[in-house]
Amino acid sequence: ETGVTQTPRHLVMGMTNKKSLKCEQHLGHNAMYWYKQSAKKPLELMFVYNFKEQTENNSVPSRFSPECPNSSHLFLHLHTLQPEDSALYLCASSQWHSQNTEAFFGQGTRLTVV
Amino acid sequence: QKEVEQNSGPLSVPEGAIASLNCTYSDRGSQSFFWYRQYSGKSPELIMSIYSNGDKEDGRFTAQLNKASQYVSLLIRDSQPSDSATYLCAVGLDDMRFGAGTRLTVKP
Chain A
1 ETGVTQTPRH LVMGMTNKKS LKCEQHLGHN AMYWYKQSAK KPLELMFVYN FKEQTENNSV
61 PSRFSPECPN SSHLFLHLHT LQPEDSALYL CASSQWHSQN TEAFFGQGTR LTVV
Chain B
1 QKEVEQNSGP LSVPEGAIAS LNCTYSDRGS QSFFWYRQYS GKSPELIMSI YSNGDKEDGR
61 FTAQLNKASQ YVSLLIRDSQ PSDSATYLCA VGLDDMRFGA GTRLTVKP
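Protein sequence lines correspond, in order, to chains A and B. Quick note: the first sequence, position 37, residue 37 per my numbering, numbers continuous. Quick note: the second sequence, position 50, residue 50 per my numbering, numbers continuous.
It is worth saying that the hints were derived from the structure and are not from the lab. Careful, some of the hints might be misleading.
Subject to a maximum C-alpha distance of 25 Å in a straight line, what follows is the list of computed DMTMM-like cross-link-like pairs (lysine to aspartate or glutamate) [said to hold, decoys possible]:
#  : chain 1 : residue 1 : chain 2 : residue 2
1  : A       : 36        : B       : 3
2  : A       : 41        : B       : 5
3  : A       : 41        : B       : 45
4  : B       : 42        : A       : 44
5  : A       : 41        : B       : 95
6  : A       : 36        : A       : 24
7  : A       : 40        : B       : 3
8  : B       : 107       : B       : 27
9  : B       : 2         : A       : 24
10 : A       : 40        : B       : 27
11 : A       : 40        : B       : 95
12 : A       : 22        : A       : 53
13 : A       : 36        : A       : 85
14 : A       : 40        : A       : 84
Only chain A is shown next, with the shape it has when bound in the complex (with noise of 0.2 Å):
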C-alpha cells in the first residue's frame, strides 16, 4: 500500500460507544496529523505529532483521544461523543520542518453520532 490509509471510512456510533479511528502513512514522514471537517467550517487542526511526541493539541475536548505509538500509525479514540462531533476526519502525515515538502491526506472517516 502506498499514501496514507485511514480505516474505517465510515463510522456511525452512539453517543455512549467507544471507538477507534486508525491512520497508516508509507510515505516515510516524520510528523502526523488530525483534521476536523464539518460542513461548511474551514479545516480545523486537532493534533500534531512530531517524531511521535504530542506537539499541539488545539483546545480538542477529551472525548477525542489521540495516540501515536510510532511514526507510521496514528490513532484518535473516541468516547463519549456528542452529534455535533459528526463531521470527516482527515489524517495527514508530512516530512517536519520541511519546507519543499507537502501534507499528504488520507480519504477519512465519514463519522456519524447518534
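Using the hints provided, position chain B relative to the given structure of chain A.
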C-alpha cells in the same frame, strides 16, 4: 488565533475563462502557503505551494503571494469542467491552517 480567510463562493466561470481565487491570512510570520483542491467526497490534494513573494506558475495554475498584504491567490487559466471543486488555501508548515474553501464551478 491564526486565521485564514477565503470567499466561500460559489464562483462560477465559463469553460476557457480564468478563475481567480483569493485568500488572506492573519499570521505575519507565516512562510509557507499552499492551495489544495478537494472534490466532493474526496480528501484534499495539493496543487500548488509558494514560499516567496511574486508569482509561481505550474501549467494552467499560477499562485501569487504578497506577504506585505498577507494575501495569496490562485489563478486557473483555460478553466475546464474538471476544475470544478472546492479550493482550500492553507498557511503554515507544521501547524497548517486552512481557509473554509471556495467552491468553483466551471460551466461547459
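A quick look at each hint next to the structure:
1. Distance hint between residue 36 of chain A and residue 3 of chain B is fulfilled; the C-alpha atoms sit about 16 Å from each other, no more than 25 Å.
2. Proposed proximity of residue 41 of chain A and residue 5 of chain B is supported: the alpha carbons are some 11 Å apart, at most 25 Å.
3. Distance restraint check for residue 41 of chain A and residue 45 of chain B: the Cα-Cα separation of roughly 18 Å lies within the 25 Å cut-off, and the hinted pair is therefore satisfied.
4. Simply put, residue 42 of chain B and residue 44 of chain A have alpha-carbon atoms about 17 Å apart, close enough for the 25 Å limit, and the pair holds.
5. The hinted pair formed by residue 41 of chain A and residue 95 of chain B meets the criterion: a straight-line CA distance of about 18 Å does not exceed 25 Å.
6. With a C-alpha separation of about 17 Å, the suggested pair residue 36 of chain A and residue 24 of chain A falls inside the 25 Å cut-off, and the hint holds.
7. Of the supplied pair hints, the one linking residue 40 of chain A and residue 3 of chain B holds, its CA atoms being roughly 16 Å apart against a limit of 25 Å.
8. Restraint check for residue 107 of chain B and residue 27 of chain B: the C-alpha separation of about 35 Å exceeds 25 Å, so the hint is violated.
9. With a CA separation close to 28 Å, the supplied pair residue 2 of chain B and residue 24 of chain A exceeds the 25 Å bound.
10. Between residue 40 of chain A and residue 27 of chain B, the direct Cα distance comes to roughly 22 Å. Compliance with the 25 Å bound is thereby established for this hinted pair.
11. Pair hint residue 40 of chain A plus residue 95 of chain B holds up; C-alpha atoms about 21 Å apart against a cutoff of 25 Å.
12. Among the hinted pairs, residue 22 of chain A with residue 53 of chain A is consistent with the structure: their alpha-carbon atoms are about 17 Å apart, no more than 25 Å.
13. Taking the CA atoms of residue 36 of chain A and residue 85 of chain A, the gap is near 9 Å; set against the 25 Å cutoff, the hint holds.
14. With a CA separation close to 14 Å, the supplied pair residue 40 of chain A and residue 84 of chain A stays within the 25 Å bound.
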